[in-house]
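Visitor: Letter by letter, the chains look like this.
Protein chains: 2
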Amino acid sequence: MRRFTFLLIAVATTAGLVAIIGPAPGHADEKSASYVTEIPQGYRDWQWVSSAHEAGNLNSLGGVLGNDVAIKAYREGKLPFPDGTIIAALHYRYVPSEENNKVFGEAQSFVPGAPTNVQFMVKDSTKYAATGGWGFGHFAGGKPGDAAFMKSCFPCHEKAKGSDLVFTRYAP
Amino acid sequence: MRRFTFLLIAVATTAGLVAIIGPAPGHADEKSASYVTEIPQGYRDWQWVSSAHEAGNLNSLGGVLGNDVAIKAYREGKLPFPDGTIIAALHYRYVPSEENNKVFGEAQSFVPGAPTNVQFMVKDSTKYAATGGWGFGHFAGGKPGDAAFMKSCFPCHEKAKGSDLVFTRYAP
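Going down the list, the protein sequences come from chains A and B.
Under my numbering, the first sequence is numbered contiguously, ending at residue 172.
Under my numbering, the second sequence is numbered contiguously, ending at residue 172.
The following block holds chain A by itself, in its conformation from the complex (with noise of 0.2 Å):
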C-alpha cells in the first residue's frame, strides 16, 4: 500500500501540468484506479493453466498459473470465477533453443528466455468493483508498472466478458 501510494504522489506530481491544462479528473475515476501492488506469495509454486504464445512486438512465451480456488473454478468451468482467486501470467522471451535445436538438426524448438514480466489478476468483487471485480497487476524485475500502463489492463480484459475477463483457457 505504501508504494502504492508512492506511486499515486509521483505519478500526481509529474502528471502536474497536464491536470492544470486537462479536463479535472473524476473522482469516480481516480477511485477505481486500484492495482495490484505486491506480488502474492509463492505464486511459482501453484499449479499450470496452460502456456500461451504471444508474437509480435511482445514476442513473449508463457506460463499461467492459478491458486488454488482459480484452478478449481477452472476445472469446475465455474463463472464468473470467486473472490480469493488469483492468476499469474509468467512471461519469457521466446527465444530458439540453440541446443535443442543442434540435437533435432533444425530450428524448431522455441522456449522461454530471460523473464520479462509477471502479471496478476486478483478477484475480489468488493475492491475491485470499479474493474469488473477484478484487481490487475504487473512486474518487471519486481517493480510495479506505472499508473499509465497498468490503466491499459482493464480496458483490454474487459473485452473478455464471457469468459470473466480472462483470456486464458485451462488446458487439460
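Source of the hints: derived by calculation from the structure; they are not laboratory data.
Each hint should be verified, as a subset may be incorrect.
One copy or two, either will do: identical chains are not told apart, so a pair holds if it fits within one copy or between any two.
Unchecked claim - Below, in silico cross-link-like pairs of lysine-lysine (BS3-like), each with a Cα-Cα straight-line distance of 30 Å or less:
no.: 1; residue 1: K102; residue 2: K72
no.: 2; residue 1: K151; residue 2: K102
no.: 3; residue 1: K102; residue 2: K161
no.: 4; residue 1: K127; residue 2: K72
no.: 5; residue 1: K102; residue 2: K78
no.: 6; residue 1: K161; residue 2: K72
no.: 7; residue 1: K78; residue 2: K159
None of these values were measured; they are calculated from a predicted model.
For chain A, the structure is supplied; the task is to place chain B on it using the hints.
Guide: Only chain B this time, still in chain A's reference frame:
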C-alpha cells in the same frame, strides 16, 4: 504391466515376419526395452517447470510439469536427477486464439488447441539402467506409444547428456 505385456505380444505378432528375415534380436536389447506403460497418477496437479513451442511437423505448444522430486532437483540445480523424479510434458496443437486476436486486433496470440499427447520421463536408475536411468513414456488418447516409437526416445534424449538427458530447463 499387463498392458505392456499385451503390447509386446501384439508387436511380436505383427512383427513376426520381420523377425524371421531380420537378425535375431539380442537378449540384452529386449531386456532394455522397458518403457513407462502406466500414466503416473495426479500429474496434472504437479508444478510447472516450463513451456515450449515446437514448430515444424510437431506444431506443438506444451507445458512441462514436475513432481515434487523433480521440482526440488530443478530448483537446486541437482544433476543427475534423483530416483523418483518424474517429468511430464503435456502437448497440444499450437493454434491461433481467434478470440484473443479479435481483442488484440492482430494475429499474435497462440494457445494450446486439442491435446495431442503426454510424455513422461521417470527416473529409476535400477529399473531403467539400460536407458540412462530414465524410463520414457508416451500416451496419446490415454494409450501408450508402440514399441517402435518408444525406441526413438532414448537415442534422442541421450544427446542431452549435459543435463542428464532432459531437454527442458526450469523457467524461473
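Visitor: A separate judgement is required for each hint: does it hold in the structure or not?
Guide: Hint check results:
1. K102 / K72: between (40 Å within a copy, 28 Å between copies)
2. K151 / K102: between (43 Å within a copy, 20 Å between copies)
3. K102 / K161: between (44 Å within a copy, 13 Å between copies)
4. K127 / K72: within (22 Å within a copy, 36 Å between copies)
5. K102 / K78: Classified as between: cross-chain Cα gap 24 Å, same-chain 44 Å, threshold 30 Å.
6. K161 / K72: Classified as within: same-chain Cα gap 20 Å, cross-chain 39 Å, threshold 30 Å.
7. K78 / K159: This pair counts as within: shortest intra-copy Cα distance 19 Å, inter-copy 44 Å.
Every hint, counting from the list given before, is met by this structure.
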